[in-house]
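Read off the chains here:
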Amino acid sequence: MIEERFDAIVVGAGMAGNAATLTLAQRGLKVLQLERGEYSGSKNVQGAILYADMLEKLIPDFREDAPLERHLVEQRFWMMDDRAHVGLHYRSEDFNEERPNRYTIIRAQFDKWFSSKVREAGATVLCETTVTELVQDAYGRVIGVRTDRHDGEVHADVVVLAEGVNGLLGTRADLRERPKPDNVALAVKEMHFLPRETIEARFNLKGDEGTVIEAAGTISRGMTGMGFIYANKECVSLGIGCLVADFQKTGETPYGLLERFKRHPSVAPLIEGSEVKEYSAHLIPEGGYNAIPQLYGEGWVVVGDAAQLNNAIHREGSNLAMTSGRIAAEAIFQVKSRKDPMTKDNLALYKKMLDDSFVIKDLKKYKDMPQLMHIQSQNFFLTYPQLVSKAMQNFVRVDGIPKIEKEKTTLRSFVKARSWTGLFGDAYRFARAWR
Amino acid sequence: MTTELAVRVEDKLFYNRYLVDAGRAHIKVRPHTVPTPALLTLLKVCPARCYELNDSGQVEVTVDGCVECGTCRVIGEPSGDIEWSYPRGGYGVLFKFG
Ligand SMILES: Cc1cc2nc3c(=O)[nH]c(=O)nc-3n(C[C@H](O)[C@H](O)[C@H](O)COP(=O)(O)OP(=O)(O)OC[C@H]3O[C@@H](n4cnc5c(N)ncnc54)[C@H](O)[C@@H]3O)c2cc1C
Ligand code: SF4
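Chains as they are written, first to last, in my numbering: chain A, 1 to 435; chain B, 1 to 98.
Think of the hints as simulated: they come from the structure by calculation, not from any bench. In this text, all values refer to a predicted model and were calculated from it rather than measured experimentally. From the three backbone atoms N, C-alpha and C, an ideal C-beta is built for every residue, glycine too. Do not rely on the hints blindly, as some may be mistaken.
[To be verified] Some chain A residues flagged as far from chain B (calculated, every beta-carbon gap over 10 Å): (1) Gly87; (2) Asp111; (3) Glu128; (4) Asp151; (5) Pro341; (6) Met369; (7) Gln376; (8) Gln378.
[Said to hold, decoys possible] Listed below are the simulated DSS-like cross-link pairs for lysine-lysine, each with C-alpha atoms no more than 25 Å apart in a straight line: (9) A:Lys339 to A:Lys365; (10) B:Lys28 to B:Lys44; (11) A:Lys112 to B:Lys28; (12) A:Lys364 to A:Lys351; (13) A:Lys339 to A:Lys352; (14) A:Lys233 to A:Lys30; (15) A:Lys390 to A:Lys367; (16) A:Lys57 to A:Lys277; (17) A:Lys339 to A:Lys30; (18) A:Lys390 to A:Lys365; (19) A:Lys206 to A:Lys249; (20) A:Lys277 to B:Lys96; (21) B:Lys96 to A:Lys180; (22) B:Lys96 to A:Lys233; (23) A:Lys365 to A:Lys57; (24) A:Lys339 to A:Lys408; (25) B:Lys44 to A:Lys180; (26) B:Lys96 to A:Lys117; (27) A:Lys180 to A:Lys30; (28) A:Lys339 to A:Lys361; (29) A:Lys403 to A:Lys57; (30) B:Lys44 to A:Lys277; (31) A:Lys249 to B:Lys96; (32) A:Lys352 to A:Lys365; (33) A:Lys249 to B:Lys44; (34) A:Lys117 to A:Lys180; (35) A:Lys352 to A:Lys336.
Sequences are here, hints too, so could you generate the full structure?
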């Protein structure tokens, strides 16, 4: 056993773990962070869009040296069928601002930088160390962790579980359930390298401007899922993810889906001639508010993806991870400052503070969305995209058929596919879940 | 359907860096004679195609190309079909970009 005792141990050096460790160290706590990867970031996968506001709260001057790719001036949404996409395209000069709001990043590089800030703040960071289990006393209180290092047991007043979506330690210790197939999506992703000028020409960008495309429709073959294409400086991140339960049901392969997405006529020209340098896969929590587990207990708190804090509708995760990590650390600091023990009752402060933040408020707003998307996946991801695409084609193709006839055809196609009650029901359910 | 068959996952994994912990597989399949439905699902859902049928019809796992996503754990651990852990610290996939 390592004799040295810590105020806090943080398991994981991803977004949540780095935010928590940094905050604890900045407040003067003696903190040990354990990460299984070779360095912070070497196990982590993200699209990746970084939200500046949440990082500013931790590192106000991050723009000075953080490895940022492009600031986003544009957002595209594509509703796709097999040969077309109907797009929504929002671009504004307002986003060319002094302190841009969103950036693309490359996670392995970003995390490495984040981790350097954590070390500078005075935390002890130990990589290449897998935590194998939580150490609990006779009363079930968490008093430390066991690692795969020789003499690998370490004790602390509180353990922050920032272990990511799989959350092995917490589930092994029965603090929460293992993620269920209908609460997690499997995403696969590739990094496509192209010359900078080529990316800027293909995506209509200048300088460090960036754009991201979120895509849904027949690309997920009726499963609940989304594709994404994000422009970095010299590469394009491209990926697609669907619920594990849907993969299970359909027998689709993730790489088959990725390949079809890449070959789609709207996508292929964007990556033509690129050199692929990495293929990765990762789970994403998609259960939303109803899947959030117990967040604190005797001697422990759980933050980030491990706590299912992920907003699938807005594709936000890293910011919820950072914020929950920071808030948990602030709660721990407050308990510690009062010289109170790290009991369940005292750590309830973390939940209370999180409830007051955008993290829980946003997830609550969309609490019925994950289920609706899952149950209605055939309609939302297959039928409607096909109908909308057909309607658009009918609208723009000039072929001598009177417009009134064309409109009737479009309407008939919708009613035929979904019936009037189906259409109104879908609209009503969607509006309710969105509210 | 045909596009699926054209994808060579091994080629994709070739882009990645790994530090293989020889002789210490972090995932194990429970010995069986006839594979359960969950095990058969893993043949398709694993993004690194780590699961394969052997000549006598059992599902086997080779973890060298595993990207540690956890999908097979979510599907196969509840029934006890597989045992799943992370590799030892420092081993396994080493993402350069992530
Ligand atoms: C394809 C994809 C695209 C995404 N796109 C976006 C996006 O554009 N914007 C956004 O905001 N979010 C996005 N997300 C979500 C975002 O990546 C996550 O919400 C975020 O990374 C969660 O941070 P975390 O710290 O909780 O977990 P992670 O970042 O996964 O970190 C967990 C860390 O813990 C370590 N660890 C785990 N177990 C142990 C153990 N036993 N011992 C030691 N170390 C351990 C891991 O190695 C890892 O470093 C995306 C996710 C995916 C998969
Ligand atoms: S963890 Fe993911 S990549 Fe590894 S074997 Fe399981 S499903 Fe395949």
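Lys233 of chain A and Lys30 of chain A: Cα distance at most 25 Å? violated, 38 Å
Has the given pair, Lys44 of chain B with Lys277 of chain A, been kept, meaning a C-alpha gap of at most 25 Å? holds, 24 Å
Decide if the proposed pair is consistent with the structure: Lys57 of chain A and Lys277 of chain A, CA atoms, cutoff 25 Å inclusive. Status violated; Cα separation ~33 Å.
10 Å Cβ clearance of Asp111 of chain A from chain B: Contrary to the label, Asp111 of chain A does not stay out of reach of chain B, its closest Cβ about 8 Å off (not over 10 Å).
Take a quick look at whether Lys352 of chain A and Lys365 of chain A sit within 25 Å of each other, Cα to Cα. holds, 17 Å
Beyond 10 Å from every chain B Cβ: check whether that's true for Pro341 of chain A. holds, 30 Å
For Lys403 of chain A and Lys57 of chain A, compute the direct alpha-carbon distance and say whether it is at most 25 Å. Cα-Cα ~54 Å, so violated.
Next pair to validate is Lys339 of chain A with Lys361 of chain A; report whether the Cα-Cα distance is within 25 Å. Given pair Lys339 of chain A, Lys361 of chain A is violated - Cα atoms ~30 Å apart, limit 25 Å.
Straight-line Cα separation of Lys249 of chain A and Lys44 of chain B no greater than 25 Å? holds, 11 Å
Straight-line alpha-carbon gap Lys365 of chain A to Lys57 of chain A, limit 25 Å: Distance ~24 Å between Lys365 of chain A and Lys57 of chain A Cα, so the pair holds.
For Lys339 of chain A and Lys408 of chain A, compute the direct alpha-carbon distance and say whether it is at most 25 Å. violated, 72 Å
Hinted pair, alpha-carbon criterion (25 Å max): Lys28 of chain B, Lys44 of chain B. Please report holds or violated. With a Cα-Cα distance of about 17 Å, the restraint between Lys28 of chain B and Lys44 of chain B holds, given a limit of 25 Å.
Checked against the numbered hints above, the structure breaks hints 2, 3, 9, 11, 14, 15, 16, 18, 19, 21, 24, 27, 28, 29, 31 and 34 and satisfies the rest.
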